[in-house]
Every structure is written in structure tokens, then in C-alpha cells.
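Knowing the structure of chain A, use the given hints to seat chain B on it.
Top line first, the protein sequences correspond to chains A and B.
Numbering (this note's numbering) for the first sequence: 1 to 134.
Numbering (this note's numbering) for the second sequence: 1 to 174.
Hints are computed from structural coordinates only; laboratory data are not their basis.
Glycine is no exception: its CB is placed at the ideal position from the N, C-alpha and C atoms.
Relax, there's no trap hidden among the hints.
Counterexamples of contact, computed for chain B against chain A with all Cβ distances above 10 Å:
1) H39
2) V47
3) H84
4) Q88
5) L138
6) L142
7) T147
8) G148
Okay, the calculated beta carbon distance ranges per label pair:
9) Q109/B with E61/A: 44 to 50 Å
10) E151/B with L7/A: 51 to 57 Å
11) E24/A with T127/B: 53 to 59 Å
12) A164/B with D82/A: 43 to 49 Å
13) E49/B with Q133/A: 38 to 44 Å
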Amino acid sequence: MSLESDLTLPVVLFKHQGHYFALEAAYVRSQGSVLAPEDPHSIVAFSALLNQAAYEFSVTEHYLELVGPSGSWWLGLEQSADLVELAIADISALPVSLQARRQFPALQALAWYQGQLVSLLDPKALQQLQVEQR
Amino acid sequence: MSESQLDQLLAQQQNKQQTIVDVDEPTIKLVVFSLGEYHFAFPGAAVKEVLSGDERVFFVPGMPTSVEGVINLRGDIESVIGLHALLQIPSPDYKNAIQTTAILLAHNQQMRSGLRVDRLLDVVDVTESQIQLPPESLPEHLQPYVTGLLEFTGLAVSVLDIDAVFAAWQKGQG
Chain A
1 MSLESDLTLP
11 VVLFKHQGHY
21 FALEAAYVRS
31 QGSVLAPEDP
41 HSIVAFSALL
51 NQAAYEFSVT
61 EHYLELVGPS
71 GSWWLGLEQS
81 ADLVELAIAD
91 ISALPVSLQA
101 RRQFPALQAL
111 AWYQGQLVSL
121 LDPKALQQLQ
131 VEQR
Chain B
1 MSESQLDQLL
11 AQQQNKQQTI
21 VDVDEPTIKL
31 VVFSLGEYHF
41 AFPGAAVKEV
51 LSGDERVFFV
61 PGMPTSVEGV
71 INLRGDIESV
81 IGLHALLQIP
91 SPDYKNAIQT
101 TAILLAHNQQ
111 MRSGLRVDRL
121 LDVVDVTESQ
131 IQLPPESLPE
141 HLQPYVTGLL
151 EFTGLAVSVL
161 DIDAVFAAWQ
171 KGQG
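Chain A with its partners taken away, still in its complex shape (with noise of 0.2 Å):
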């Protein structure tokens, strides 16, 4: 039987601006470059959702491709992002306080890694700021 300290949730973690962000492994299909994507159109820039701005300036030259309920996306990233085992007691729910003010409705909750705040997105309400933002 594991403890609580054992256990571990596996993210993909990215850093945007100075500050990490993570996705749940389990939504996150694959990694790319922009340099040879796909369909170079259909990606949206992880500021665009941020700051929910359909024209935010942002390089882009790595992507994610995101599994959802309305089928798979591809998020921009500035920088390459890294799988990571995030200990679960390292993680906390957004406190009451911030829940009621976020502007940013995919911002799920907080954890700690290697001694830096990770914001933990979710992968669904993601999706959704990408749709509103087509």
C-alpha cells in the first residue's frame, strides 16, 4: 500500500512567461516543432487563451497536441515542454479566495515542484477558451 507522499500524478509541464504550467499527461498525445506541424492554422498560442486575447503576440515554436471531448487540438508553446511526476502531496486545490476571482476559467489548481509554483490547467475548459476563440 503507498502512502500519500508516494504517490504521483504524471504531468506535462511547460513554462510560459517565467512561470510553469502543467497538463495532465493523460490528455497530452503529443509534442512537437512548429517547423514542421501538421496544420500550422490550426494551432493557438497558449498567451492567446491566457490573457484570452485572439491576437496576442506570442513565438510559438513548439506545440501540444491535446486530447478532448471535441477531438484533438494543438496548443503553441514558447518553450519544448518535459513529462514530469508531480507528487500528490505536493498539490492543492485553488484556495476559495482565488477560485472566486481567476480570469483565466482553465487555471485548476496549484502544486509545488522543485521548490516553483506550477498552475494545473484543465484540459477541458482549455479546450473550451480555444473554441471561443475561433
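What follows is chain B alone, placed relative to chain A:
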């Protein structure tokens, strides 16, 4: 002939006795602090802990500017928010004043959060009679939050209602 030391001592004791308050009168603990040029207090029951102002605060993306971020408090994540916007007080430049600030870990039944204050002044016990009703001249924007007024070392201190402050925060004010 001048007073002896004993006379002075006895006179001091007499003065002290005269200033002793009625111990049977209910007292309330207040955490007194400043925000800008204004002075406020929360009832002690609303403040779980006072943290150093130099706690490392981690920025959380996608939040309003009044959210400073979160801290790692013994493994728990606690938000840190500023009350300046809610109370309509100009925000200071904390980069130059972080040493004097403090974080009050405040709570009510609905939520809990660290509150950044510019300076912690004191934690005091006062009698309920020392807290006066808020004056009619109190600025309109403070009226929903101020339950009383206290004179503390010559300063006018507004006593805040944590329930009203947090309710307004959750409704998107500040």
C-alpha cells in the same frame, strides 16, 4: 522641599490606579495595522497568524492585480491579496518597502487568505467601550467595512469587519 523618591513612587502608583480600566468590562483583541496613511484593525479572532512581510510570494497568472500571489505556508498554499484597491487606498511600491510590511493570515467561515498590510502597528486588548461607532463623516467607500472607530496612541483606527471585506472580495470588488 522637593518630593522624595518614595513620594514620587506613590504618586505614580496612584496615577496608574486611576487609569486602570474596569476589568469586568469585556475586552476585544485587535490587530492594528496601517495601509498607506490610514490605520485599520481586524478583530484578533479574524487573524489566525501574522507572517513576516518578506515571505516569498509566488505569482499566480490569470488573477486580478490585487492578488499578489500565493505562499507556501508549511506545505499549505495560502493566497496573498492586497486591500488597497478594495479600500481605495493608493498602492505603495512594495519593492522598496517590503521590510516594513506584514501578511495577516485572516479567515472567516467562507475563506482564508493572507492580507498584505503596509505596517503591523500592534496587537492590543481594548475594552469594547473604547470602540466608538463609525462617524457619519466616514468616507462612503469605507462604510460597508468599518464597524467602529478606536483611538490608539493618538491615531484614529477604523475597525474592519472581515466578513464584509471577504464578501466584497468574492463578489469581485477590489
